[in-house]
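2 protein chains.
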Amino acid sequence: MSLDFNTLAQQFTEFYYNQFDSDRSQLGNLYRDQSMLTFESSQVQGAKDIVEKLTSLPFQKVQHKITTLDAQPASPNGDVLVLVTGVLLVDEESNPQQYSQVFHLIPEGSSYYVFNDIFRLNYGA
Amino acid sequence: MSLDFNTLAQQFTEFYYNQFDSDRSQLGNLYRDQSMLTFESSQVQGAKDIVEKLTSLPFQKVQHKITTLDAQPASPNGDVLVLVTGVLLVDEESNPQQYSQVFHLIPEGSSYYVFNDIFRLNYGA
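Listed in order, the protein sequences are those of chains A and B. So the mapping is simple: our numbering equals the position in the first sequence, first residue as 1, plus 879. So the mapping is simple: our numbering equals the position in the second sequence, first residue as 1, plus 879.
Worth flagging that the hints you see were computed from the coordinates, not collected in a lab. The structure presented is a predicted model; accordingly, all values stated were derived computationally and were not measured. In this text, a Cβ means the ideal position worked out from N, Cα and C, and glycines have one as well.
Capping the alpha-carbon separation at 25 angstroms, the derived lysine to any residue pairs in SDA-like fashion look like this:
id: 1; chain 1: B; residue 1: 944; chain 2: B; residue 2: 992
id: 2; chain 1: B; residue 1: 944; chain 2: A; residue 2: 946
id: 3; chain 1: A; residue 1: 944; chain 2: B; residue 2: 918
id: 4; chain 1: A; residue 1: 944; chain 2: B; residue 2: 921
id: 5; chain 1: B; residue 1: 927; chain 2: A; residue 2: 884
id: 6; chain 1: B; residue 1: 932; chain 2: A; residue 2: 885
id: 7; chain 1: B; residue 1: 944; chain 2: A; residue 2: 1002
id: 8; chain 1: B; residue 1: 932; chain 2: A; residue 2: 954
id: 9; chain 1: B; residue 1: 944; chain 2: A; residue 2: 975
What follows is a set of in silico ranges between Cβ atoms, one per label pair, in the way DEER data are often shown:
id: 10; chain 1: B; residue 1: 932; chain 2: A; residue 2: 969; range: 31 to 39 angstroms
id: 11; chain 1: A; residue 1: 912; chain 2: B; residue 2: 988; range: 25 to 33 angstroms
id: 12; chain 1: A; residue 1: 940; chain 2: B; residue 2: 970; range: 40 to 48 angstroms
id: 13; chain 1: B; residue 1: 885; chain 2: A; residue 2: 946; range: 24 to 32 angstroms
id: 14; chain 1: B; residue 1: 925; chain 2: A; residue 2: 989; range: 30 to 38 angstroms
id: 15; chain 1: B; residue 1: 1002; chain 2: A; residue 2: 913; range: 28 to 36 angstroms
id: 16; chain 1: A; residue 1: 935; chain 2: B; residue 2: 969; range: 36 to 44 angstroms
id: 17; chain 1: A; residue 1: 975; chain 2: B; residue 2: 932; range: 27 to 35 angstroms
All chains should be modelled from the sequences, with the hints used to inform the complete structure.
In structure tokens:
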């Protein structure tokens, strides 16, 4: 809990996307039973269902690249709100897709878990 | 407080962008002293400074159009987290710009205020 919220947001997102891109079936310990994920138009709750949703996505390889990363304190208890905009590349495609993702992180002991997670691809204007 | 979080998010964002696009100097009553705004790389706190930041933006006319709107409960107290992706058109420009914006809304009496607000334009991938 000695990290400032900007450093926490950077370290968390780096860890999260590295884990997502190498083996997203192992993301479960970042979520809890009360966690919610909105992925495009699907909404699921709980670590188990969230990991099932993420592993069921129809691609084998994926690479996230952060374009912007902004964080704000989200409660007096140390919660942190993070907005990421970035691009991702799946499988053998050569055209990156833009996305936006928001994380609401809650402190737990010396670490944080993801309470809210909303992901949206951004289609062209 | 009888609204579900999806309806609240829809009604709030409709009101917010209508007010922003017609007269953004009147947005102050949606923020409080503890509210924070990140607008691109600028970070300001408090209703007064937030409205000053918004009114100082270098355009006269602006029109927001929501593409996607997703909401999740953000606390047991009725907080709501909203992710908007959309496009906006400023002044006489004909090319809309994509943006992402997250609002953390907190209930207050029969209404809500904006606790956290993070806005980012999305540049091409």
